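Protein chains in written order, with full-length UniProt numbering: chain A, 1 to 321; chain B, 1 to 321.
These aren't lab readings, by the way, just hints derived from the structure by calculation.
As the structure is a computational prediction, the values presented were derived from the model and not from experiment.
Using N, Cα and C, we set each Cβ at its ideal position, and we do this for glycine too.
There could be a bad hint or two in this list.
[As the list claims (entries may be wrong)] Pair ranges (Cβ atoms, derived):
1) B:ARG163 to A:GLY50: 31 to 39 Å
2) A:ARG154 to B:ALA29: 21 to 29 Å
3) A:GLY262 to B:GLY127: 55 to 63 Å
4) B:ALA29 to A:VAL213: 47 to 55 Å
5) B:ARG66 to A:ASN22: 28 to 36 Å
6) B:GLY16 to A:GLU249: 25 to 33 Å
7) A:THR71 to B:GLU302: 38 to 46 Å
8) B:ALA117 to A:ARG154: 33 to 41 Å
9) A:ARG66 to B:ARG286: 33 to 41 Å
10) A:GLU290 to B:GLY303: 57 to 65 Å
11) B:ARG189 to A:VAL213: 56 to 64 Å
12) A:ARG189 to B:PHE18: 31 to 39 Å
[Claimed, not checked] Not the full set, but computed from the structure, chain A residues with beta-carbon under 8 Å of chain B:
13) ASP41
14) ARG51
15) GLY153
16) PRO156
17) VAL192
18) ASP309
Protein chains: 2
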Amino acid sequence: MGPDSSQDAQTISQVGEFGLINRVTSGRAQSPGTLLGPGDDAAVLAAPDGRVVATTDVLVEQVHFRFDWSTPHQVGRKAVAVNLSDIAAMGAVPTGLLVGLGCSPDLPTTVVDELAAGMWEEAQRVGISVVGGDMVSATSLTISVTALGDLQGREPVTRSGARPGDVVAVAGRLGWSAAGLAVLGRGFRSPVAVVGAHRVPEPPYEAGPQAAVAGATSMVDTSDGLLADLGHIAAASGVAVDVRTELVEVPQRLTEVASALGADARHWVLTGGEDQALVATFPQGRPLPEGWRPIGAVVEGEGVTVDGDAYAGPSGWEHWR
Amino acid sequence: MGPDSSQDAQTISQVGEFGLINRVTSGRAQSPGTLLGPGDDAAVLAAPDGRVVATTDVLVEQVHFRFDWSTPHQVGRKAVAVNLSDIAAMGAVPTGLLVGLGCSPDLPTTVVDELAAGMWEEAQRVGISVVGGDMVSATSLTISVTALGDLQGREPVTRSGARPGDVVAVAGRLGWSAAGLAVLGRGFRSPVAVVGAHRVPEPPYEAGPQAAVAGATSMVDTSDGLLADLGHIAAASGVAVDVRTELVEVPQRLTEVASALGADARHWVLTGGEDQALVATFPQGRPLPEGWRPIGAVVEGEGVTVDGDAYAGPSGWEHWR
């Protein structure tokens, strides 16, 4: 074997913890807000607002991703995207990432290289970097990402501020990831548009701060599915939410995929998770920011309804259930 | 079975993700610096300094802990302690924790309850709280902790500031965790003093900021072992470090345990990891803060020596090697 293929064949046990950390951090430019990057006991990030927004999501192989369905690069992007989406859902802008990686000693280093490349690509889409992390031995590949963010002087947009009369609006795609998952689950690899949406969500990062500026009263990202995540807003705010189906767009592409699979595209849109769209409530009569579309209203009561009635069907995905 | 034993027998798959999060967060008081605690897309913490210190460590069952050697409560304390120690090693004070927990669906909920109780206990020792996290399904129990901290207006104490002539000093215990590990590895459960030190380190949290105030030029915590971690300072600072054995205390208790096991107590002190002591360098002639004791000197060159010579023996522990 030549030196290149020998390099490819290396496992992380051969490279070692420090060698691996060096591989995934060296040569990467840190963002201006990174005051101290990887290589010390801890990183130091600018927190100009005097407050810091922080969130953690863990992704586990075979639970949250499968390498026969997604490349390591795609998994890396997704692991970062789901966290950046949580920062956006507070109305904040991201400032940095920490990554905890648990992986088997016999994992090829190229998998870690590609995971890291995907993470950096998604981070750079919002102008931030991976500022620190940890790499340990584990039986299943486990990716733990922490994202930090800055509120830029605004109040955080929580789940608890929705008031009766507010308009419910969404930014980003709904149902695309669920459609992709359905396609992959049947053994297909296309259409690429929906499969790609499952592999790597495209959260509307900028729509979060824009909603905060526009006076959003509550906000959440759709990780569990539109109705389930609206349920979080309804519960936290002590209100009810009614989704109007005539306002909820079902994209033609999803209708086509659903038709081919004998599935219901509207069900994907209402209940499919992992699109990382943003859902927010706005005071009635307030112009919605660009990219936001109304889908319903906040009313007195509790729970989430569709056209005034309970929605028949599963309404989200909960771990271990 | 009565209602109590039925409760005890519950697995996390029966309680569900949201039920479990509720179990470990409800009724816990958040620290004053927690502006928004668990339950939203992200937490919000005060960052009064305008910068935030951030670090992540991942602990995996059978790799970093074993439930036949440690209780879940002890593992929870340790998972938090190793992260708080990293914050202290920057000269910062901790402000909050995020916890990512991956666990098997058939894990009894009491294990998670105890893990969480241990985490909260250690957090409360420094006046902070768990402000957010994530719980997911995984094959091995995986605990990912992110700690955030505040520099209180000081510059971070990195690994790269040691200069020839500096005094090398240590705060906290050395060798105790290694002694405890050796005892447990032989199938013993006592002496409790060393076994307890392995189960739960006692990092000298306050010594970190005190060293920063006293002008420490570099600092690191001893997770890999004294000589290995001094090696990080030497490499990052472009200097050599010489440890003087006449200055390095070998506690009588460790000598007794080593004698019983046919081991070398000094070797534990010089190379044993996981005590989370703090090691720092100070300008010569500067009074050391309380609790810090000199153990050597920074000199020109590279690498770490003991009494001027290379140390014969393994010098730390690296994953996958």
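Structure-based check of all given hints:
no.: 1; hint: B:ARG163 to A:GLY50: 31 to 39 Å; verdict: holds (34 Å)
no.: 2; hint: A:ARG154 to B:ALA29: 21 to 29 Å; verdict: holds (27 Å)
no.: 3; hint: A:GLY262 to B:GLY127: 55 to 63 Å; verdict: holds (57 Å)
no.: 4; hint: B:ALA29 to A:VAL213: 47 to 55 Å; verdict: violated (33 Å)
no.: 5; hint: B:ARG66 to A:ASN22: 28 to 36 Å; verdict: holds (30 Å)
no.: 6; hint: B:GLY16 to A:GLU249: 25 to 33 Å; verdict: holds (32 Å)
no.: 7; hint: A:THR71 to B:GLU302: 38 to 46 Å; verdict: holds (40 Å)
no.: 8; hint: B:ALA117 to A:ARG154: 33 to 41 Å; verdict: holds (36 Å)
no.: 9; hint: A:ARG66 to B:ARG286: 33 to 41 Å; verdict: violated (56 Å)
no.: 10; hint: A:GLU290 to B:GLY303: 57 to 65 Å; verdict: holds (59 Å)
no.: 11; hint: B:ARG189 to A:VAL213: 56 to 64 Å; verdict: holds (60 Å)
no.: 12; hint: A:ARG189 to B:PHE18: 31 to 39 Å; verdict: holds (34 Å)
no.: 13; hint: ASP41; verdict: holds (4 Å)
no.: 14; hint: ARG51; verdict: holds (5 Å)
no.: 15; hint: GLY153; verdict: violated (13 Å)
no.: 16; hint: PRO156; verdict: holds (5 Å)
no.: 17; hint: VAL192; verdict: violated (28 Å)
no.: 18; hint: ASP309; verdict: violated (24 Å)
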